[in-house]
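Enquirer: Chains F and L, in that order, are what the protein sequence lines are. Under the numbering used here, think of the first position of the first sequence as 1, with each following residue one higher. Under the numbering used here, think of the first position of the second sequence as 285, with each following residue one higher.
Note that these hints are calculated values from the structure, not bench results. The beta-carbon is built from N, C-alpha and C at its ideal position, and this holds for glycine as well. Check each hint, because a few of them may be wrong.
Said to hold, decoys possible - Which residues of chain F face chain L? A few of them, derived with a C-beta cut under 8 Å, are:
1. Tyr11
2. Leu39
3. Phe41
4. Ala43
5. Thr161
6. Ile251
7. Thr263
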Amino acid sequence: MALPKYTEPHYRIWHYLYLFICGCVFFFLIAPLFVIFPLSFNAEEFLVITDGMKRLDPDAFSLRWYKDMVYGTKNPWGLAAKNSFFIAIFATIGAVILGTVAALGLSSRYMPYKGIIMATLISPMIVPLIISGVAIFFFMAKAGLAATHTGIVIAHIILGTPFVVITVTATLSGFDHSVTRAAASLGSNPVNTFMKITLPLILPGVISGALFAFVTSFDEVVIVLFLAGLDNTTIPIQMWTGLREQLSPTILSVATCLILLSTLVLIAAELLRRRSERIRGINR
Amino acid sequence: MSSETQKILTTDGIPLEVSLKKVERKNKFKAFLLVAPLLFFLLIVYISPIVGMLFNSVDDRMVTNALPKTFKAMEDWDGKELPPEKVFDAFHFDFQKLIEEEREGKLSTQLNYEKNGFKSIIKKLRRKSKSFEEGNYKEQIMAVHERWADVEYWRAIKRRAPAYTYSKYLKGVDMYQNEDGKLVQVEEDRRIYKKLWVRTLKIAFYVTLFCFLMAYPIAHLLATLPMKYSNLLMICVLLPFWTSLLVRTASWMILLQQQGVVNDFLVWIGVVANDKRLEMMYNETGTYIAMTQILLPFMVLPLYSVMKTISPSLVRAGKSLGGTPFITFWKVYFPLTIPGIGAGSLLVFILAIGYYITPELVGGASGTLISNQIAYHMKYTLDWSFASAMGLMLLVGVLAVYWVYNKLVGIDNIKLG
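Between the sequences and the hints, there should be enough to build the whole structure, so can you do that?
Expert: Here is the structure:
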């Protein structure tokens with residue numbers, strides 16, 4: 001981004017102003033996440049940076065809120081984490097299976113009414129969550145699945161499938177269909193062809209769709225708020241209750257753990273995207 | 285020519301055209317079969333409940349079934365003066381039956397939606413009606429509370445007679461149907477929903493605008509920087525994108541509170557006095573700031589993917605033809621980014637208009653949106669039909685934007701990450 005020597009002074013000023021603005025925006029994007037780290041190590045019960053912390057006094061920092069998160073009395077986080085992982089894992093499996101199979105059909109050039117069907121399949125992503133929540137709540141209440149894990153898993157499968165459909169169709173758009181025909185001409189049956197040829201090639205898309213579905217489920221509050229009973233509490237629900245009622249630093253310890261988790265997801269997603277682009281022969 | 289093609293036969297003796305069509309039908313069916321599980325799954329557990337909301341929003345059989353005789357007796361009452369004796373008799377009969385079945389509470393909730401003040405007088409009537417004497421119910425009921433002698437309240441009951449009503453939709457835009465069947469607005473100081481719709485649109489619009497203004501320069505920087513730097517900076521966009529919504533909202537709550545980091549900083553540099561710390565949370569400001577930061581990645585990513593495809597040589601060509609950097613940007617570069625601007629803006633707008641979590645936590649009373657009102661009616665007033673009606677009105681708006689998005693960008697072009 002170095003400017004050529006002949007740049008006139010006022011353009012030079014503009015250029016630095018532009019870089020400054022970009023810096024500010026990046027700061028605005030990323031800085032709020034980092035305010036959580038120091039506060040989660042706070043020795044006090046307040047959600048402010050204490051004077052001791054400003055002086056970097058070691059006594060002002062402690063792990064007590066992390067201990068509270070893990071060992072605290074009557075603490076809801078253990079059950080919440082168990083439920084969250086259980087629900088997210090099953091919702092991901094469901095979304096990946098349904099979504100991948102649908103994406104295979106959608107990217108076939110024989111698929112009739114592609115536009116309207118695609119619009120329907122993507123709709124859970126577009127319709128505001130509150131409306132999905134109301135609708136799904138009515139359905140689950142009628143079906144007797146309110147306040148059950150099954151109900152929440154089904155709701156999260158609904159929310160997760162659009163991501164899988166999008167990522168897998170994107171991977172399939174660069175897919176060379178002659179390889180499956182070659183497999184078929186060599187005597188492979190369709191299931192075998194899918195498992196041995198197609199799946200390995202579209203796997204990056206499938207996994208990144210799975211990541212999206214997992215994060216969507218893991219992070220989802222609105223629908224769970226409608227559906228969950230006391231036994232179905234999840235991490236986001238606990239955070240929601242905490243943020244509304246007793247804002248305690250324990251929440252920040254949980255938040256720190258969640259940021260670390262999302263960092264892992266980000267790294268995985270990035271690696272997958274690159275691999276997928278390499279497979280599809282997109283040079284960057 | 286066409287008769288010529290028809291004569292071409294396959295080895296089975298079937299015309300080629302027929303045979304090809306058959307194969308195509310078979311292929312179409314195969315493709316559809318793959319989509320079918322997900323399609324039917326969504327139709328059953330998702331699309332049909334949304335359509336069911338439509339039914340919920342107009343369904344008013346609860347009240348109709350609760351007071352069958354009353355409504356029958358009311359049929360030839362013109363609503364100008366107090367209803368005749370037989371309406372009171374019928375009402376007494378229906379009401380006693382409701383008390384027996386313990387359903388009068390539900391009725392009072394429903395009637396209270398129609399007109400405030402029903403809850404207490406129904407409770408009172410329930411208590412007093414135990415000691416009612418046979419006959420002359422009109423006087424006895426009217427003696428329970430003055431509101432029972434007020435014709436307005438009887439009109440309110442009559443308005444709930446039809447089994448299906450669109451009154452919830454009217455309520456959603458602060459209107460109601462008066463005694464003459466005309467649509468009128470509610471009193472000025474009670475018009476809350478219209479204000480809420482306007483505020484929702486306003487906040488969604490400004491959040492989209494702020495996102496655009498902030499995303500454009502950084503997307504440009506990301507698209508023009510060499511790969512090794514831009515990858516690093518991309519993390520600043522992607523990490524918030526992958527981080528839990530609640531975590532990000534929590535961090536804004538910490539930053540924006542009165543004793544929070546932002547206020548501390550402003551006091552420290554001397555912009556605001558210590559005793560006059562800014563109120564940035566539990567109001568509109570909080571909603572704007574938090575929503576802009578949370579939705580920003582959804583604007584950056586589509587813009588980035590469009591800008592990435594614009595060849596730098598176009599800008600160089602513009603400059604070499606004598607354009608100043610500003611003119612080249614405005615005449616060459618900017619028009620090429622319009623698809624990205626459209627995609628990003630529509631996406632952010634769609635997401636912003638239905639936002640619930642963040643406004644609920646940082647919005648306070650002045651920064652909440654229509655979604656919050658829907659949730660409030662679902663959870664607290666339990667007026668589900670009203671919540672459904674508002675939800676569907678919001679949905680129509682979102683689907684309109686979605687339709688535009690589909691026309692302009694194409695849903696298969698949505699990019700993730």
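Enquirer: Is the hint on leucine 39 of chain F kept, meaning its closest Cβ partner in chain L is under 8 Å away?
Expert: 6 Å, holds
Enquirer: Does the interface hint hold: is threonine 161 of chain F within less than 8 Å of chain L, judged Cβ to Cβ?
Expert: 6 Å, holds
Enquirer: Can threonine 263 of chain F be said to touch chain L, with a Cβ gap under 8 Å?
Expert: 7 Å, holds
Enquirer: Return the status of the interface hint for phenylalanine 41 of chain F: holds when the least beta-carbon distance to chain L is below 8 Å, violated otherwise.
Expert: Interface hint status for phenylalanine 41 of chain F: violated (14 Å vs cutoff 8 Å).
Enquirer: Are alanine 43 of chain F and chain L close enough, Cβ to Cβ, to be under 8 Å, as the hint says?
Expert: Check failed: Cβ of alanine 43 of chain F comes no nearer than 16 Å to chain L, outside 8 Å.
Enquirer: For the hint on tyrosine 11 of chain F, just tell me whether its beta-carbon gets within less than 8 Å of chain L.
Expert: With Cβ-Cβ at 6 Å, under 8 Å, it holds.
Enquirer: Interface hint check: isoleucine 251 of chain F, Cβ to nearest Cβ on chain L, cutoff 8 Å. Holds or violated?
Expert: 6 Å, holds
Consistency with the previously given hints fails for numbers 3, 4, ordered from lowest to highest.
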